[in-house]
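Protein chains: 2
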Amino acid sequence: MTDLFSKFDPLIEQRRALLDTGVTDPFSLVMEKVLSPTTAICNGRETILLGTYNYMGMTFDEDVIKAGQDALRDFGAGTTGSRVLNGTYQGHKEVEEALKEFYAMDHAMVFSTGYQANLGIISTIAGKGDYVILDIDSHASIYDGCKMGDAEIVAFRHNDIEALEKRLKRLPADAGKLVVLEGVYSMLGDIAPLDKMVKLAKQYGAMVLVDEAHSMGFIGEHGRGVAEAQGVLDDVDFVIGTFSKSVGTVGGFCVSNHPKFEIMRLVCRPYVFTASLPPSVVATAATSIRKLMHGSNKRAHLWENSKTLHKGLTDAGFELGTKEAHSAIIAVIMPDLERGAMMWEALLEEGLYVNLARPPATPAGMTLLRCSLCAEHSSDQVGEILARFTRAGKRVGIIA
Amino acid sequence: MTDLFSKFDPLIEQRRALLDTGVTDPFSLVMEKVLSPTTAICNGRETILLGTYNYMGMTFDEDVIKAGQDALRDFGAGTTGSRVLNGTYQGHKEVEEALKEFYAMDHAMVFSTGYQANLGIISTIAGKGDYVILDIDSHASIYDGCKMGDAEIVAFRHNDIEALEKRLKRLPADAGKLVVLEGVYSMLGDIAPLDKMVKLAKQYGAMVLVDEAHSMGFIGEHGRGVAEAQGVLDDVDFVIGTFSKSVGTVGGFCVSNHPKFEIMRLVCRPYVFTASLPPSVVATAATSIRKLMHGSNKRAHLWENSKTLHKGLTDAGFELGTKEAHSAIIAVIMPDLERGAMMWEALLEEGLYVNLARPPATPAGMTLLRCSLCAEHSSDQVGEILARFTRAGKRVGIIA
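Residue numbers (our numbering), protein chains in the order written: chain A, -19 to 380; chain B, -19 to 380.
Next up, chain A with everything else stripped away, as it sits in the complex (with noise of 0.2 angstroms):
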């Protein structure tokens, strides 16, 4: 018999001399328990979180418990059902009302996780003999969305307005286009030049599609994302979102204008071809989602501890993945692979957990620790995350 596990040895090798030097498995790490949307136990000690995508802080909210407690003693553990059989509930509408109602568009469609809705999304408008303009910094899911779709894919550079309107102009006029963009790009946390690349899109006849999963609830006016902040969101065909991140639970979701959108409900394979969220899962995103209509104060805590971190780790001599906070996202970046896992344990040890992130996951081969704040850090808290980091950059020989 032919392994087919065979193909892995190199990783499996290569990892298992890693972990031989005695290092803490950046990937295997257990949260034993969770105090807050700032706090958990890991290790057996008392650790800050700056690496969750819990922007808003919404997990712990009083009545978001209460309505997944609640849905679960009226409606069940589970739906056990696809949306277009016995998995539509109640809940399941009352979520697309909220999130219709929050992004003021016409139609919205919710997924059992994010991935799906990107690969869905993606992979059943974008057909045979259409295009795919994406920049080359994508999240997975909207590459794993073109790979399961039929259409031609064609790469741009990072955030580069030329590089774009070059792709855009090189394809047949009358070809079905779609440009894919983020609003955030979650590695480096930097921002997408909507207000000029929707305009391009729209220029060369393509339709648009922003993922704004790592804006939605703090960056825009009602917290629509970056395409809002920018003035271009009724430009937009397409935005997809998620509910794990500022909404502080599971699933996916994509909101439209389009008047013919509803029919992606019989012919995305992701959406059919799966169970639906539980009602608890359901209730907890609607309760979060229309209270973060109304979080304008914890938005705009969430840019001062954004602003606070950016400068004091600017100050401290730490070299950022951006010039000024434009997100929750602040990108610390590691001279290399050995000195970030270096600097990533030290940090636990401290009592802060980051994301270590490494290529091919990363741009340019970078090492990055990402921080991603929280509206729920108090002041003090950044202050100590300020004096976690700049103790551990100084042991590990980061900073001097």
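Rather than coming from a laboratory, the hints here were simulated on the basis of the structure.
Keep in mind it's a predicted model, so treat the numbers as computed, not measured.
Using N, Cα and C, we set each Cβ at its ideal position, and we do this for glycine too.
Check each hint, because a few of them may be wrong.
[Claimed, not checked] Label pairs and their in silico Cβ distance ranges:
| # | chain 1 | residue 1 | chain 2 | residue 2 | range |
| --- | --- | --- | --- | --- | --- |
| 1 | B | Lys146 | A | Leu(-2) | 44 to 50 angstroms |
| 2 | B | Leu(-1) | A | Ser16 | 47 to 53 angstroms |
| 3 | B | Glu299 | A | Val10 | 49 to 55 angstroms |
| 4 | B | Asp175 | A | Val3 | 32 to 38 angstroms |
| 5 | A | Asp0 | B | Val10 | 54 to 60 angstroms |
| 6 | A | Lys13 | B | Glu(-7) | 52 to 58 angstroms |
| 7 | A | Lys13 | B | Asp175 | 45 to 51 angstroms |
| 8 | A | Asp0 | B | Asp215 | 31 to 37 angstroms |
| 9 | A | Thr302 | B | Pro239 | 41 to 47 angstroms |
With the hints as your guide, set chain B onto chain A.
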């Protein structure tokens, strides 16, 4: 601008024509209230549910509900992170322990949906130069996993042992091969001849993956599925399963004894690049799985229900998809789509919900009314179901 949705116009037109006839849309039913695993309010009417995959009726189990509510309170509404970053909580470890115990296997890996389990495992382990040999009636998630991977795809006629052997014989002896089978095929409720097929696969040097989504919990001595019932579980390399059927919530998994299995957690994109399941979901799943280990009484009652319904429908003159009850799914064959839709609606008016399945989802262009039984259906309910089927069947002219 070329509208990417114009490709759906024929389908939109066809659907409009159907709905203009005044029929109830079978694909947009809403469960307004859910009263129990077997009853709900649809269109304002109390309805017996005979078209869910809630085989063991765990969705309203008191211990399951309480576990979910407690986890919401103690761990929050979501993890907001991937399993390989901040998304592994104590509860994710616990549900994987429960799965290992349930299947008596060394490794268990939980995905956020069952769809993503098939998508991820198949596309990751069968790569360029490998072959996937699959039953032509395989579930969409299996086909999508094939599409996302780079292996060569070879389909064989449904449940045809000779056809499988013919395909295996033609493939290069030393190539990597993965035979993909399902224990129960959900359209007709028939089961695979796993004993012979697994033996054949091994004989030709192939690894074997079996999707036991529709058998977990009640087929086989310990509810491990058709492979257990036919005595070949030890020769199956990967078992795929779901939390959205017998377990009663949402999620998917793979269990395996392969010594290198854990590397999947780093290379399987639909596992890495997605948020993990909320604490309440893994808590309900773990509790449910542990109770299913001791569910032999419920299992026996479900078998009784399935046999009673099969015999009753046969005696009433309906044509069924299988000669006897092989699983908890009983498919009633309709003469054509039009009368199938009429019968589906007549049953709904009687207060009975079944699944309408139509081409291309069904084998051989059939229209089916698919019934799935639940261990919580009482004997009285099964009698009532038979009475309603008979009345509706006579009214629509399916039976004399």
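Range first: 44 to 50 angstroms. Now tell me if the beta carbons of B/Lys146 and A/Leu(-2) are that far apart. Between B/Lys146 and A/Leu(-2), where Cβ atoms are some 46 angstroms apart, the hint holds.
Per the hint of 52 to 58 angstroms, is the separation of the Cβ atoms of A/Lys13 and B/Glu(-7) within bounds? holds (56 angstroms)
Check the following: the C-beta atoms of A/Thr302 and B/Pro239 are separated by a distance inside 41 to 47 angstroms. Distance hint for A/Thr302, B/Pro239 holds at roughly 44 angstroms.
Assuming the hint says 54 to 60 angstroms, is it satisfied by the Cβ distance from A/Asp0 to B/Val10 or not? Since the Cβ atoms of A/Asp0 and B/Val10 sit about 56 angstroms apart, the hinted range of 54 to 60 angstroms holds.
B/Asp175 and A/Lys13 - C-beta distance against the hinted 45 to 51 angstroms: holds (46 angstroms)
Determine whether the Cβ-Cβ distance between B/Asp175 and A/Val3 falls within the hinted range of 32 to 38 angstroms. Taking Cβ atoms as reference, B/Asp175 and A/Val3 lie about 46 angstroms apart, which means the hint is violated.
Supplied distance hint 47 to 53 angstroms, evaluated on CB atoms of B/Leu(-1) and A/Ser16: Taking Cβ atoms as reference, B/Leu(-1) and A/Ser16 lie about 49 angstroms apart, which means the hint holds.
Do the beta carbons of B/Glu299 and A/Val10 sit within 49 to 55 angstroms of each other? Given range 49 to 55 angstroms: holds, Cβ gap about 53 angstroms.
With 31 to 37 angstroms as the target window, see if A/Asp0 and B/Asp215 comply at their CB atoms. holds (34 angstroms)
Going through the hint list in order, the structure does not satisfy hint 4, though it satisfies all others.
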